[in-house]
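Chemist: Those protein sequence lines, which keep their order, are chains A and B.
Start counting the first sequence at 1; every next residue gets the next number (the UniProt record's numbering).
Start counting the second sequence at 1; every next residue gets the next number (the UniProt record's numbering).
Do not rely on the hints blindly, as some may be mistaken.
Label pairs and their calculated CB-CB ranges [said to hold, decoys possible]:
no.: 1; chain 1: A; residue 1: 54; chain 2: B; residue 2: 91; range: 42 to 48 Å
no.: 2; chain 1: A; residue 1: 261; chain 2: B; residue 2: 88; range: 47 to 53 Å
no.: 3; chain 1: B; residue 1: 87; chain 2: A; residue 2: 492; range: 24 to 30 Å
no.: 4; chain 1: A; residue 1: 200; chain 2: B; residue 2: 30; range: 47 to 53 Å
no.: 5; chain 1: B; residue 1: 91; chain 2: A; residue 2: 407; range: 43 to 49 Å
no.: 6; chain 1: A; residue 1: 364; chain 2: B; residue 2: 88; range: 26 to 32 Å
no.: 7; chain 1: B; residue 1: 56; chain 2: A; residue 2: 68; range: 46 to 52 Å
no.: 8; chain 1: A; residue 1: 177; chain 2: B; residue 2: 88; range: 56 to 62 Å
no.: 9; chain 1: B; residue 1: 38; chain 2: A; residue 2: 162; range: 29 to 35 Å
no.: 10; chain 1: A; residue 1: 499; chain 2: B; residue 2: 56; range: 22 to 28 Å
no.: 11; chain 1: A; residue 1: 441; chain 2: B; residue 2: 88; range: 48 to 54 Å
no.: 12; chain 1: A; residue 1: 7; chain 2: B; residue 2: 38; range: 37 to 43 Å
In short, the hints are calculated from the structure, not lab data.
Since the model is a prediction, treat every value here as computed from it, not as a measurement.
Glycine residues also receive a C-beta, built at the ideal position from the N, C-alpha and C atoms.
Here are the chains, one letter per residue:
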Amino acid sequence: MKEGFRQAMAWLHTWAGLIFGWLLFAIFLTGTLSYFKGEITHWMQPEVPAHAVDDARSVAVAQRYLEQHAPTAARWFIGLPDSRDPGLSVMWQDKIDPGRRGNFIEKMLDPVSGEQLQARETMGGEFFYRFHFQLQMPHPWGRWLSTIAAMVMFVALITGIITHKKIFKDFFTFRPRKGQRSWLDGHNAVGVLVLPFHLMITYSSLVIFMTMVMPASIIASYDGDTRAFFNELFPATDNAPALGQPGKLLPLAPLVEQARAQWDGGHVGRLAVNNPGDVNASVNVSRAGSDRVVHDFGSTVSFNGNTGELLRVSAEQSLPMAIGGSFYGLHMGHFAGPLLRWLYFICGLAGTAMIGTGLVIWLGKRQLKHAKTGVMPFELRLVEVLNLASMSGLLIAIAVFFWANRLLPATFAERSDWEVQSFFIAWGLTLLHAMLRRGRRAWIEQLGLGAVLFMGVPLLNALTTSEHLGVSLAKGDWAMAGFDLTCLGSGLFLAWAAWKMQHRSAVQPRAERARPLTLKGEVH
Amino acid sequence: MLLALLLCYAGFVALCLSLDRHHGELLHSKPSPRRRLGLRVGGWLLLALSIWPAVHMAGWSRGLVDWCAVLMLSGLLLVLLLPYRPRLALILAGVGLLASPVAAFATL
């Protein structure tokens with residue numbers, strides 16, 4: 001009975017993992033990249049220079065710019081730079097239509113000189129972040145598909161734990177150079193050792209979309225009006241309406257300091273100024289997400305813009321909100337400093353590796369049976385092609401995305417869209433390549449191409465911008481230098497993997513000779 | 001975070017040595033029952049102890065997250081070192097234990 005249960009769980013693990021593995025690999029890898037969203041955006045917009053962060057100066061610069069260029073706007077937004085993403089963004093809205101998302105005009109400023117920056121148009125790291133839960137699909141569908149994938153991931157994790165017979169005995173076991181055995185060891189090792197991360201990231205992703213996935217209780221309590229639920233959960237800051245009399249807005253920097261005092265020295269993420277040119281101007285200062293593990297949905301301090309009077313400090317969030325916020329915060333990792341952020345990144349890669357090794361094991365096990373004839377049945381060939389395209393193909397597509405960022409001219413029409421296009425075109429081409437070439441050759445070629453592309457990124461950066469490694473390291477611009485170095489490292493890793501594949505195929509004949517014996521043993 | 005890392009890593013090495021197979025690979029002998037028990041208890045104690053510096057440095061919420069990260073990564077590091085550089089894996093644990101009082105003085 002017990003073994004029957006375990007076998008059933010193993011079956012579920014195998015097939016749930018296979019069907020959603022390709023998608024989950026992409027979600028995990030792009031999600032992992034999103035931990036460096038700011039840094040990726042910084043690399044992809046080299047026109048935005050890195051400066052030492054100084055909130056007071058940035059706020060003053062933004063205010064001066066907005067007073068000159070949008071004195072009559074209904075609302076201003078100021079997004080402050082941080083050490084990860086040095087851009088100072090200002091945004092304004094000329095008129096507010098209730099119930100409609102108005103037209104925002106956004107500009108990037110140099111936080112020191114106040115000059116408007118002509119940064120190239122790009123989605124930057126936001127592309128990976130959006131892709132990892134929207135999958136480039138129209139609105140609700142991508143979120144639904146990724147949430148279903150997360151549920152399957154959760155099922156695969158639980159069934160994986162049940163299937164794994166010797167979790168404690170094999171806790172430290174990894175035996176390399178033993179073919180299938182090594183893949184399984186590796187799959188188990190990254191699965192078990194990084195299990196807290198896997199469980200946290202998968203469960204929290206379900207919590208983040210819980211109102212979408214399980215709206216029954218909301219619909220029941222609010223008579224089907226989910227909007228009412230959200231209005232109650234996130235009350236709109238009821239700022240005073242404009243009176244139509246011109247006023248004089250105070251300097252914003254001292255207000256920022258006051259707000260920080262309210263948070264025991266916490267950091268400011270962004271500012272919103274309502275009716276900036278009016279007597280009834282109000283300033284809402286929002287706290288940065290990087291301050292605490294528990295994400296606070298809207299921790300703000302409001303001031304009167306003309307008198308500087310403190311109007312409102314948002315209340316501490318309720319316990320359920322704090323629990324939801326802690327899952328949200330843990331998933332996003334906004335609070336993580338450089339070291340912890342790298343650990344998050346490594347954990348994400350471990351999760352990606354777990355999914356990848358699982359896919360390889362599925363195929364490897366079944367391929368053994370057809371090793372003698374050398375003819376693969378259609379379904380195995382299909383899995384092989386999808387494995388190739390979803391793993392090495394995705395890596396190539398990511399590298400191509402970065403190359404496109406440097407190669408498309410800054411003035412190119414809709415260049416941001418074309419960067420994304422080139423990502424998907426490259427991915428499609430790798431699928432085509434995987435269909436045309438035989439398995440092992442295709443792996444070597446794709447991994448090799450990925451290696452060349454990734455190792456070429458620092459070189460390309462040096463050739464097309466003035467922000468090459470020599471400059472960024474000397475300036476201490478770690479976001480820029482770290483990106484180049486990480487690409488170089490990834491390229492070296494892929495080159496090693498390709499070399500390893502090539503090397504193993506050379507030894508193959510000897511292994512082939514040994515295999516028929518063991519196979520015969522199994523048959524009889 | 002460094003002290004927590006040193007303690008976690010040493011704890012995992014002790015737990016690893018308490019398993020017959022790994023004890024044989026690393027020290028070429030079978031552990032006596034008393035030694036096995038000692039290693040097991042010591043390992044768990046080191047892991048439990050490593051929570052303290054993490055929480056002390058960064059408070060409960062951030063400290064526990066740091067601790068979890070360090071716990072997972074030190075385990076991963078050990079498992080990667082074992083097949084390729086087994087001696088280094090042991091030496092690191094020894095050096096880590098020796099260095100931990102220094103790290104404690106420097107950070108706490």
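Chemist: For each hint, tell me whether it holds in the structure or not.
Modeler: So, going through the hints one by one against the coordinates:
A C-beta distance of roughly 45 Å is found between residue 54(A) and residue 91(B), which places it inside the suggested range of 42 to 48 Å. Taking the beta carbon of each, residue 261(A) and residue 88(B) are about 50 Å apart, inside 47 to 53 Å as hinted. Distance hint check for residue 87(B) and residue 492(A): the Cβ-Cβ separation is about 25 Å, which falls inside the suggested range of 24 to 30 Å. In this structure the supplied range 47 to 53 Å is violated for residue 200(A) paired with residue 30(B), their Cβ-Cβ distance being about 38 Å.
Between residue 91(B) and residue 407(A) the Cβ separation comes to about 48 Å, which falls inside the hinted range of 43 to 49 Å. In this structure the supplied range 26 to 32 Å holds for residue 364(A) paired with residue 88(B), their Cβ-Cβ distance being about 30 Å. A C-beta distance of roughly 50 Å is found between residue 56(B) and residue 68(A), which places it inside the suggested range of 46 to 52 Å. Roughly 18 Å separates the CB atoms of residue 177(A) and residue 88(B), a value that falls outside the hinted 56 to 62 Å.
For residue 38(B) and residue 162(A), the hinted distance range of 29 to 35 Å is satisfied, since their beta carbons lie about 32 Å from each other. The hint said 22 to 28 Å for the Cβ distance between residue 499(A) and residue 56(B), and at roughly 46 Å that hint is violated. Between residue 441(A) and residue 88(B) the Cβ separation comes to about 36 Å, which falls outside the hinted range of 48 to 54 Å. Taking 37 to 43 Å as the suggested C-beta distance range, the pair residue 7(A) and residue 38(B) conforms, at roughly 39 Å.
Consistency with the previously given hints fails for numbers 4, 8, 10, 11, ordered from lowest to highest.
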